[in-house]
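Which chain is which? The protein sequence lines are C and X, in order.
If you're matching positions, the first sequence starts at 1 in the UniProt record's numbering and goes up one per residue.
If you're matching positions, the second sequence starts at 1 in the UniProt record's numbering and goes up one per residue.
Mixed in with the good hints, there may be bad ones.
Distance condition first, Cα-Cα at most 25 Å in a straight line; then the derived DMTMM-like pairs of lysine to aspartate or glutamate [to be verified]: (1) X:K26 / C:E18; (2) X:K497 / C:D39; (3) X:K428 / C:E129.
Just so you know, the hints here were simulated from the structure itself, not pulled from any lab data.
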Amino acid sequence: MAAAAPDGFAVTITINGEPRSLTIPPSTTLLDLLRERLDLTGAKKGCDQGQCGACTVLVNGRRVNSCLQLAVMNDGAEVTTIEGLGQPGSLHPLQEAFVAHDAFQCGYCTPGQICSAVGMMSEGHAKTEPEIRELMSGNLCRCGAYSNIVDAIEDVMGSAAVREAAE
Amino acid sequence: MSNIHPYVGRANTRVDGPLKVSGLAKYSAEFGAEDLAYAAAVPSAVAKGRITALDVSAALAAPGVIEVLSHKNRIDFPEDDEPFKNDMVAVPGSPFRPFRDDKIHYAGQAIALVVADTHENARYAATLVKATYDVETPNVDVATSANYYDPPEKRDGIPPPPDPRGDAKGAFDRAPIKVESDYRVVAEHHNPMELQATTVIWEGDGRLLVHNKTQGVVNPKNYICSVFGLDEDKVRFFSPYVGGAFGMALRPHYDVFLAVMASLKLERSVRLVLTRAQMFTMGWRPDCLQTLSLGAETSGKLTSITHHAIQATSMFEDYQEPIVNWSGLLYDCDNVSLKYELGKVDTSTPSDMRAPGATTGVFALECAMDELSYAAGVDPIELRLLNYSDHDQNDDKPFSSKELKAAYEQGAERFGWSKRSFEPRSMKEGHELIGYGMATGCWEAMTMPHKARATLTADGKLEVACATADIGTGTYTILAQIGADALGVDIAEVTSKVGDTSLPMAPVEGGSWAAASAGSAVKLACEALKEELLKHARGLDNSPLANASLDLVTFSNGRIALKADLAKAVSVADVLKSAGVEKLDGEAGYAPDEEFTKKYAGYTHGACFVEVRVDEELGVIRLVRIVSAIAAGKILNPLTARSQILGGVVMGCGMALHEETKWDKTLGRVMNANLGEYHVPAHADIPEVDVIFVDEEDGSNPLGIKGLGEIGIVGAAAAVANAVFHATGKRVRELPITIDKLL
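Just chain C, with the same shape it has in the complex (with noise of 0.2 Å):
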């Protein structure tokens, strides 16, 4: 349970697997203390009312849109960014396959697009093309790249599937 303090909510939340002890303003969301006082700038800002998908972020492995989040509801969760999926020279996957498909022109949704696959892929009930599309409709792209983003989508879950039949 968050404790109350002077400035705000004294809690606790691993994000990207460090372990973070803060405290937080009641009015702050899980969006702007990733942004705002972290520095971790991937989840991005694009409507701050959930109706975009950019600010996606993983909570204990489930994705949400982190700007209808107050960070002090997540004392004791586990947040996962992109930063924390992978970085240049080790990146995720499914990062590497938005890269070779194109994915993205702009940038700015792809975060958000890729925190939003990597939670659907989890979550285990997109197996065709069809449904990839209607479960990732949360998340919104203005540059149009949504087949190049099925197709990277897909490319990693065939190969998870291969990888699943092999074993």
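Use these hints to put chain X onto chain C, whose structure you have.
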């Protein structure tokens, strides 16, 4: 010789890709400073009138608030229009100035700026500013504007409609086949994913480092220095990444104006990020009423074209687009009459949005051509081939190149157009009606003066630099490809730099001119660098290249060698060492070839093919597949080029089926200023899009390219609308085509 060349013409993943997919690419709201303050803009609640009282006391008393700025306590700026017209994309009229006075010109206009220690405190205090207004009745609908007029002052760079040719009215009256219809393209907002934002870093001594979402850093820098009287040497704009723009970030907006004003007043760093709702308080694709009349012989050969457009603009500026000109260009016809007028509305000034003018005008023309195909009983592609124009009749010039026939042919083949049955409502599967539609696209192939620099260091690394922007277009990547080929180095050894006013001058990135212009400038800068290297190489003691000229040598893997005898070579490192320098530069400027443009008309062309399925009872429209065949000269990078076309097509699908900015006609406020109610296409809306680039040779610039940012959208909405007609037999002439219009 490395076997990796040439890079130009081959798919290359984005050089900035790893940074973008890992969250490391920094956008304008993501630069910080120790003394950073956060600003929030307070929007006007009314669309027209005057502020009679502004009470900022509660806001000033709120936690963390540093200052509240408004027209009452702003810093001084000039009364004249001229300093505010220091904007490459300014339009005729009197530019809008935030906080100029108590007048309200449109809903959401910024009336105050709260500056606080945190984002949350600024946002909260902004809700405490209380304004009272003397309210006037606004008109936000161009259909009810007081009058329509031919803009007395023409917008720079936008050709007015050509003079009439032949006798359009007489030919129409005599034509055995006639179609005449009204079309309406409604207001749209660009809605790039990134919010409009500015971070001003106060560096002391009046020095400002400004990170501003812009399509060209030079433009807002010029504007800001001009309006606030700042020393150009003390101001640097640096915006390396832009989260989409599509035209909205061509002109400086109120975010940069207010953030700089606050920084100057407070002498500290300030960030202002607009809200999504505030993204609807600036440039937009204007509402446009159009009437198109086509007269034809029974064969379908056009004998008359009349196109009249009335487009919205703000009360204070005459924003203009080339809407009707395309109707005199695209098809061979001797009797043409084109007219373009404006109507004023109480909104912000519209702005260029992806293929401004063509997107709107070609929609009407290509729907009208589809209507003519049914009236004449001629297949839509046959009709276009019958009226194919080999000559720009507007300007009486030949085309520099035009492979549109190949685009029709290859697009139709890939799409399977031959399987289309001519009659509307004649194709069906299950409960869905099937429609095949197509349309032509066209956009001007332009270039603009650009400068660039190429720098080689002793370790063999090349940097190419130009102040242009990469708004997602792939500029970083294509400039690196061009540099790598010119100097014969691996692309991994090349760094591209853009988006910085400390780099050689470039105008805004727009009009699809950046790749051809910045790319040509980089190519020329690389040639200058090679000359410089060779000059030093010739001067080495016992140089094997002593008498060699540039055409006799080759640059490869850090060496300069004689083409005739590759063993006769010197290393670049030795050249730099003997010259006693760590690096050598080449600088060059590119300017459009005026002789060429005087002689030839340069355009890109496209043919878009769409299959829709429409639920017969529910009217739900589903896009099934799209083929876009493009003739745009040489393709620098098929991977990023394809993405540009995808983006245009997807935005065209949004225009056709979803997008509409809806103003409340009584209050003059946008009713759907959010991404939930202003629907941009989502994953589930968009099918696979097949892109074809047909071969086309063009000589208008050193790279032989024409630009791709806009052509993908032109004609896309018409292709969707024509497919919907083919499926249902119902012609919807006012976009977007929503279920209510279909049932």
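Verification of the hints:
1. X:K26 / C:E18: holds (23 Å)
2. X:K497 / C:D39: Holds, at about 24 Å.
3. X:K428 / C:E129: This hinted pair holds, its Cα atoms lying about 24 Å apart.
In this structure, none of the earlier numbered hints is contradicted; all agree with it.
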